[in-house]
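J.: Could you slot chain B onto chain A? The hints should help.
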Amino acid sequence: MKKFHLSVLIALVVCACGGGESQQQSAESTADAQAKEALQMQYPEIPRDEIVNDTDSLSTKVFRELQEKYKANLAKLNEAVKANGATLLVVFITPEVGNSLTKINRVGKGMIADDCQALHIPFYDITTKMAAMPNPVVLTQMPKDGHWSKEGAKYVADELAPIIKQYDSVKATATFQQKPETWGDLQPNADELTDGGKGLPYRMKSNAQGLRMDYDLAPTKTKQRILFLGDSEMYFPFLDNPFTGTALLQGMFPEKEILNASNWGYSVDDYLSLYNEKAKYAEADVVIVAANGNDILDMFFSHRNRFTRGKKAIKPSILEEQYYKTKFH
Amino acid sequence: MPFNTLYFLYFFACFFPVYWLAKKYSNLQNGLLVLANMVFYGWTEPKLCGLIVAVALLIWLGAILMERLPGLAMTIYAWVIVLLFYQLFLCKYYKWFFGEDQGHPFWISLTTTVGISYYTLAAYSYITDVYRKKMLARRNFVALLAYLSFFPQLLAGPIPIAHQDFAQYLAQRHLTWTDIEQAIQRILWGLFKKAVVASQLAIPVDYIFYNHASLPYTYLWAGVLMYSFQVYMDFSGYSDMAWGLARLLGIKVNYNFNAPFIARTIDEFWRRWHLSLSAWLKEYIYIPLGGRGKNRWQYSFNIMAVFVVSGLWHGANSNFLLWGSANGLLFVLSIIWGLTRKSKDLSYNLKDYTGVITVFVAISLTRVFFRSPDLMTALHYYQAMVAVKGFVLPDVGLLGIGLSWFVVLVEFIQRRQLHAIDILNRPLYVRIPTYLVLCVGVYYFWPVINSTEYIYFKF
Numbered sequence: 001m002k003k004f005h006l007s008v009l010i011a012l013v014v015c016a017c018g019g020g021e022s023q024q025q026s027a028e029s030t031a032d033a034q035a036k037e038a039l040q041m042q043y044p045e046i047p048r049d050e051i052v053n054d055t056d057s058l059s060t061k062v063f064r065e066l067q068e069k070y071k072a073n074l075a076k077l078n079e080a081v082k083a084n085g086a087t088l089l090v091v092f093i094t095p096e097v098g099n100s101l102t103k104i105n106r107v108g109k110g111m112i113a114d115d116c117q118a119l120h121i122p123f124y125d126i127t128t129k130m131a132a133m134p135n136p137v138v139l140t141q142m143p144k145d146g147h148w149s150k151e152g153a154k155y156v157a158d159e160l161a162p163i164i165k166q167y168d169s170v171k172a173t174a175t176f177q178q179k180p181e182t183w184g185d186l187q188p189n190a191d192e193l194t195d196g197g198k199g200l201p202y203r204m205k206s207n208a209q210g211l212r213m214d215y216d217l218a219p220t221k222t223k224q225r226i227l228f229l230g231d232s233e234m235y236f237p238f239l240d241n242p243f244t245g246t247a248l249l250q251g252m253f254p255e256k257e258i259l260n261a262s263n264w265g266y267s268v269d270d271y272l273s274l275y276n277e278k279a280k281y282a283e284a285d286v287v288i289v290a291a292n293g294n295d296i297l298d299m300f301f302s303h304r305n306r307f308t309r310g311k312k313a314i315k316p317s318i319l320e321e322q323y324y325k326t327k328f329h
Numbered sequence: 001m002p003f004n005t006l007y008f009l010y011f012f013a014c015f016f017p018v019y020w021l022a023k024k025y026s027n028l029q030n031g032l033l034v035l036a037n038m039v040f041y042g043w044t045e046p047k048l049c050g051l052i053v054a055v056a057l058l059i060w061l062g063a064i065l066m067e068r069l070p071g072l073a074m075t076i077y078a079w080v081i082v083l084l085f086y087q088l089f090l091c092k093y094y095k096w097f098f099g100e101d102q103g104h105p106f107w108i109s110l111t112t113t114v115g116i117s118y119y120t121l122a123a124y125s126y127i128t129d130v131y132r133k134k135m136l137a138r139r140n141f142v143a144l145l146a147y148l149s150f151f152p153q154l155l156a157g158p159i160p161i162a163h164q165d166f167a168q169y170l171a172q173r174h175l176t177w178t179d180i181e182q183a184i185q186r187i188l189w190g191l192f193k194k195a196v197v198a199s200q201l202a203i204p205v206d207y208i209f210y211n212h213a214s215l216p217y218t219y220l221w222a223g224v225l226m227y228s229f230q231v232y233m234d235f236s237g238y239s240d241m242a243w244g245l246a247r248l249l250g251i252k253v254n255y256n257f258n259a260p261f262i263a264r265t266i267d268e269f270w271r272r273w274h275l276s277l278s279a280w281l282k283e284y285i286y287i288p289l290g291g292r293g294k295n296r297w298q299y300s301f302n303i304m305a306v307f308v309v310s311g312l313w314h315g316a317n318s319n320f321l322l323w324g325s326a327n328g329l330l331f332v333l334s335i336i337w338g339l340t341r342k343s344k345d346l347s348y349n350l351k352d353y354t355g356v357i358t359v360f361v362a363i364s365l366t367r368v369f370f371r372s373p374d375l376m377t378a379l380h381y382y383q384a385m386v387a388v389k390g391f392v393l394p395d396v397g398l399l400g401i402g403l404s405w406f407v408v409l410v411e412f413i414q415r416r417q418l419h420a421i422d423i424l425n426r427p428l429y430v431r432i433p434t435y436l437v438l439c440v441g442v443y444y445f446w447p448v449i450n451s452t453e454y455i456y457f458k459f
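Chains as they are written, first to last, in our numbering: chain A, 1 to 329; chain B, 1 to 459.
Since the hints were derived computationally from the structure, they do not count as laboratory data. If you're wondering where the values come from, they're calculated on a predicted model, not measured in any experiment. Heads up, none of these hints are tricks.
Here are the simulated distance ranges between beta carbons: (1) A:F307 / B:T44: 28 to 36 Å; (2) A:E45 / B:G50: 37 to 45 Å; (3) B:K389 / A:G110: 47 to 55 Å.
No residue lacks a Cβ here, since even glycine has one placed at the ideal position from N, Cα and C.
For reference, chain A alone in the conformation it holds in the complex (with noise of 0.2 Å):
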């Protein structure tokens, strides 16, 4: 009887620490959400493209500073990766081409292959093959959005497969034994029709892992992993699973997992911290990054806080409060 008051009493104290923990990390976490939303009140986000269209040395200034984020966010990241014993490569890929190529993708592609020369990250672009087709808007949604088409995501994925081919024997050498249930940011498990309000109806899956495929990963290894983190360009909206990149790209490789945890409006500061909290544990052995020039300019507090799965709030820098007052109050 002693022995059951006993394991009672050991229970409620349990309960309580837990309760009380847990109920501390609400606590802080609502105020980490009240603080960005204040921030977000107090900065409402601004068009970042006038960033680098504009000339005048105080543009230049915000956007060397952004440039410096990125380079130091990819940095870190390409550390992580290398801790595991995995590879890091970053792929330039914009459906951008022609009059719709904005200046940011134009200047941006070589800022990123500079960071990557700096780093010693392997770096490609696949964009050059597509500035060669005589009708490269096929590839896109339009003229209903920019996003990949069908087509997009089959040139995307051809343009990728040799890349890819080039690693194969790339094994990463950390094992987690421990691991999260979820190794990327989407629901798990969702099965969703939605049109994103674009009038492109698709049916979005997940896995069990948060992942944007179709199957769900052993939680031990058996197969080369390649892991995507990107943005919206590799997540493929408006396109079912079956016709995103990397679910061609699974097609091509049967014998590797190919693992999509890129999701809208992510950047590199994301890629970071999704790897770091939950992707490094499907233990990839090549991580691909989707870049673009978009990414550099996401960097900007503003938008960062719109977007950023990090729940606390990005103050400005110096540079950037001045910029916002200036050009937007």
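T.: What follows is chain B alone, placed relative to chain A:
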């Protein structure tokens, strides 16, 4: 201003008490009604009000002149009809006839597709009934404008028949507790069908029709059947709300639907579907053509003519023409094969259930023309439907299908009543919980994105 919005709720809540304060003065009530109609209609585009006033002026003057100058009645009538249909032609058919790239006349910018097909038919009904001496020309312009622009039925019907419905706008209106309860029944049921059931079906239907080229044939069949349910839930939901709102204003508008998906034959289906349009077509097309005529061939020809006109009324393209013709053909075949039945017969046997399914599938199949953006897409869809390869059970839209079956089942059980939700003869302890369940159902299933688009607004 769609009914299922907060704006409309505020609008109606403000208008309703003011309208009934003027109960003793029908002219004042009509004036208030016209004002409300203009706010409702001009909510998004104020210029639309100018057009409807112009149409009302045209038929008002035309009708008076026809009475004053009986020798010229036919000429005046012809001119009014030409002018009336000219604006409908500009708005709906001009581009179809002359192509998108042709320069457009100035008047085209003043026309609109919103509600025009409905009030043009209402206007035609008035001027034709005066011409045929089924009613007198009315001097009361405000009453005529109130009739023509009556907001509950302005955007998607029910279409009025002037000699039957106009008198209500001249008489004193009444509202009893029974009227209120009946109105609330219809509004709740309509809201459930539109905001809940049709919304549940809209996304899977859009998904299947948009991606038909890459989906298995079973999905395409499911898409067609779901679309049939969606059109019905959307349109009949709106019509029920319109009926209830009109009732709250002391006006009885026509019924538009009577449980069409429990029909056992094609002719029975059309006696239950879009009744106000059918009544209009019967009154102004079918009967003038000779109705059943002297033999089966004339009967069939007249039926085909009505369905072709109905198709063209829905829209100016080959798809609607083919949709109308396909339905006409189904009707004619059912006449030839003797597959018709009397309207009062409401008993069902096993054979009848087969009939219900056959009619539903046959009618649904014609809707590929109705739903597809162009002829080629429709033909590709049909082609993909018959490309049988294996069997994959469709796994989208299940909730929508389940809710649709629920609605049809209620309609079947209630088939001897005036309306599926007509439970006035039941005791209060049955009615109150039913209304509460309906309210909870609407609240529980209310969609994340409340669609304020109605399929029949575009006609």
